[in-house]
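Enquirer: Sequence:
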Amino acid sequence: MKYLIALASLVLLAAALLIVWRLTDHRADAREMDRLRALQPLKPERFSKALISDLPEPAQRYFRFAIAEGTPLLSVAQIEMTGKFSLGSQDAPNYMDMQATQVLAAPDGFVWKMSCGSGLMRMSGSDSARWTRFWMAGLAPVARFGGDNDHARSAFGRYVAEAAFWTPAAILPSRHVTWEAVDANTARYTMNHDGMGQAVDITVDAEGRPVEVVFQRWSNANPEGIHRLQPFGGFLSDFRQINGFQVPFHVEAGNHFGTDDYFPFFIANVSEVRFPTPTNP
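Heads up: the sequence shown begins at 737 in the working numbering, then just goes up one per residue.
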């Protein structure tokens, strides 16, 4: 009997420690989201076509579509989304229903807080510039990594590219961002920050709508499991105007973009985009 009581006590202690560990992750997510929201400019400059007059024509077309004249240049966004997420393969994607909240503040960082699946197969956690932390059924840690150069470089590529989706003000020419032409409908911006650099290609249609975003991402999503540069990208659609910005409400993206191995493991339908201030998150 004593052994059973001792065993039960150990199980309860282990469960309590896991709950505390999970709550610690939640608090870290909240702190980082608050930090990023606080980077929103309180007295932003307003958009003018003069700001883009020296850019390649496809880049000018993109900004004329993405930002209305006179729009306050808010560069931090909070995005609510649902959709499909896959941990599978091209042959067996096994998509799970997904819902997530993201705070995006390029070039400083992002947090993507997500849950998918259901029941004992429910996975939840977060990605950020500093960590990837996911739990199964809210109690079993199944992925914890980050804090090294490979993770930082891969994450930087993700949120620099996503700035073209939801925070176009963040990729206007600045000390962090330069632009160059690729072809008649594609322009490339390069963002540099904290010793990292990432180039991203945006292809626009005749109206300047960004229909395709592609970049070389530092990733180990390959059969060898080795970090290397490989194409990542996707398609944007269902654009809507929010606070003077035209942003996509549907995104499909995945690894090995433009190759036979591509499949969109991330399919998002946005339900809300906000540009919070530190006093109004």
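Keep in mind the hints are simulated off the structure, nothing from the lab.
Note that this is a predicted model, so its numbers are computed, not measured.
One should not assume that every hint holds.
[Said to hold, decoys possible] Okay, the calculated beta carbon distance ranges per label pair:
id : residue 1 : residue 2 : range
1  : 804       : 825       : 40 to 50 Å
2  : 994       : 828       : 35 to 45 Å
3  : 770       : 986       : 27 to 37 Å
4  : 974       : 770       : 21 to 31 Å
5  : 855       : 917       : 19 to 29 Å
6  : 757       : 914       : 12 to 22 Å
7  : 886       : 999       : 19 to 29 Å
8  : 886       : 976       : 28 to 38 Å
All C-beta atoms in this analysis are idealised placements derived from N, C-alpha and C, irrespective of residue type, glycine included.
Enquirer: Against each hint, give a clear statement of whether it holds in the structure.
Expert: Hint by hint, here is what the structure shows:
no. : hint                  : result
1   : 804 - 825: 40 to 50 Å : 42 Å, holds
2   : 994 - 828: 35 to 45 Å : 22 Å, violated
3   : 770 - 986: 27 to 37 Å : 29 Å, holds
4   : 974 - 770: 21 to 31 Å : 30 Å, holds
5   : 855 - 917: 19 to 29 Å : 51 Å, violated
6   : 757 - 914: 12 to 22 Å : 42 Å, violated
7   : 886 - 999: 19 to 29 Å : 23 Å, holds
8   : 886 - 976: 28 to 38 Å : 36 Å, holds
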